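Chemist: Chain by chain, the residues run as shown.
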Amino acid sequence: GAVVSQHPSRVICKSGTSVKIECRSLDFQATTMFWYRQFPKQSLMLMATSNEGSKATYEQGVEKDKFLINHASLTLSTLTVTSAHPEDSSFYICSARESSGGNTEAFFGQGTRLTVV
Amino acid sequence: AQSVTQLDSQVPVFEEAPVELRCNYSSSVSVYLFWYVQYPNQGLQLLLKYLSGSTLVESINGFEAEFNKSQTSFHLRKPSVHISDTAEYFCAVSESGGYQKVTFGTGTKLQVIP
Chain A
1 GAVVSQHPSR
11 VICKSGTSVK
21 IECRSLDFQA
31 TTMFWYRQFP
41 KQSLMLMATS
51 NEGSKATYEQ
61 GVEKDKFLIN
71 HASLTLSTLT
81 VTSAHPEDSS
91 FYICSARESS
101 GGNTEAFFGQ
111 GTRLTVV
Chain B
1 AQSVTQLDSQ
11 VPVFEEAPVE
21 LRCNYSSSVS
31 VYLFWYVQYP
41 NQGLQLLLKY
51 LSGSTLVESI
61 NGFEAEFNKS
71 QTSFHLRKPS
81 VHISDTAEYF
91 CAVSESGGYQ
101 KVTFGTGTKL
111 QVIP
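Protein sequences appear in the order of chains A and B. In terms of my numbering, the first sequence is residues 1 to 117. In terms of my numbering, the second sequence is residues 1 to 114.
If you are wondering where the hints come from, they were derived from the structure by calculation, not from laboratory data. In this text, all values refer to a predicted model and were calculated from it rather than measured experimentally. For each residue, glycine too, the CB sits at the ideal point set by N, CA and C. Please note that a few of the clues may not be correct.
Computed from the model, here is a short list of chain B residues facing chain A with C-beta under 8 Å [unchecked claim]:
(1) Ser26
(2) Phe104
(3) Gly105
With the Cβ distance kept under 10 Å, some of the chain B side facing chain A (calculated, not the full set) [said to hold, decoys possible]:
(4) Gln6
(5) Phe14
(6) Gln42
Only chain A is shown next, with the shape it has when bound in the complex:
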């Protein structure tokens, strides 16, 4: 299947700093990418839908100024956690669907474990 690469896989940062997470579709073009957050022992919660060339669509309750999403090309979306705090510590996962058709599965990255100290 198609490959989605997420980087970094783990990051530890100090409270108040910003962290950028990259999500790349390696062998296909993705008009739309999705960002999820997973708390320990819980399911994945959709944070936002990232659309290439336009503003991201955020789910209710997700602060768009805190979680900045940029989808500058058909193969790259970035999530920046600004002024991170310990409560932002979580597992962040991106997914992407091929642009060529809607009837396809979503491919997931390996996830990024963010720890804010």
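The hints should help you fit chain B onto chain A, whose structure is shown.
Modeler: Positioned in the frame of chain A, the structure of chain B alone reads:
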């Protein structure tokens, strides 16, 4: 809007025994259904999917799931589990067509006991 219910948070089962992980969904429109597996500290891997056609779908490692529209279910089964099947399994649904977002269930942790 759609939702997914996985009633069992944990399912312990002995090695080589059969297992069923339950999944029910609700939606007002046609849906696609998925099962994903997540190993510790890893992302999600697609196990199998139902898009259309045959209601029984199979994975390469022996899992199968059957789409039951009348019962709005998509239970996952395996006749004989292995230690390596120990993982968390997520049922998911999306509206059919387009680039619809995927909604996940809360997950079921399958623990295979030697």
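Chemist: If you check each hint against the structure, which ones fail?
Modeler: Per hint list: 1, 5 violated.
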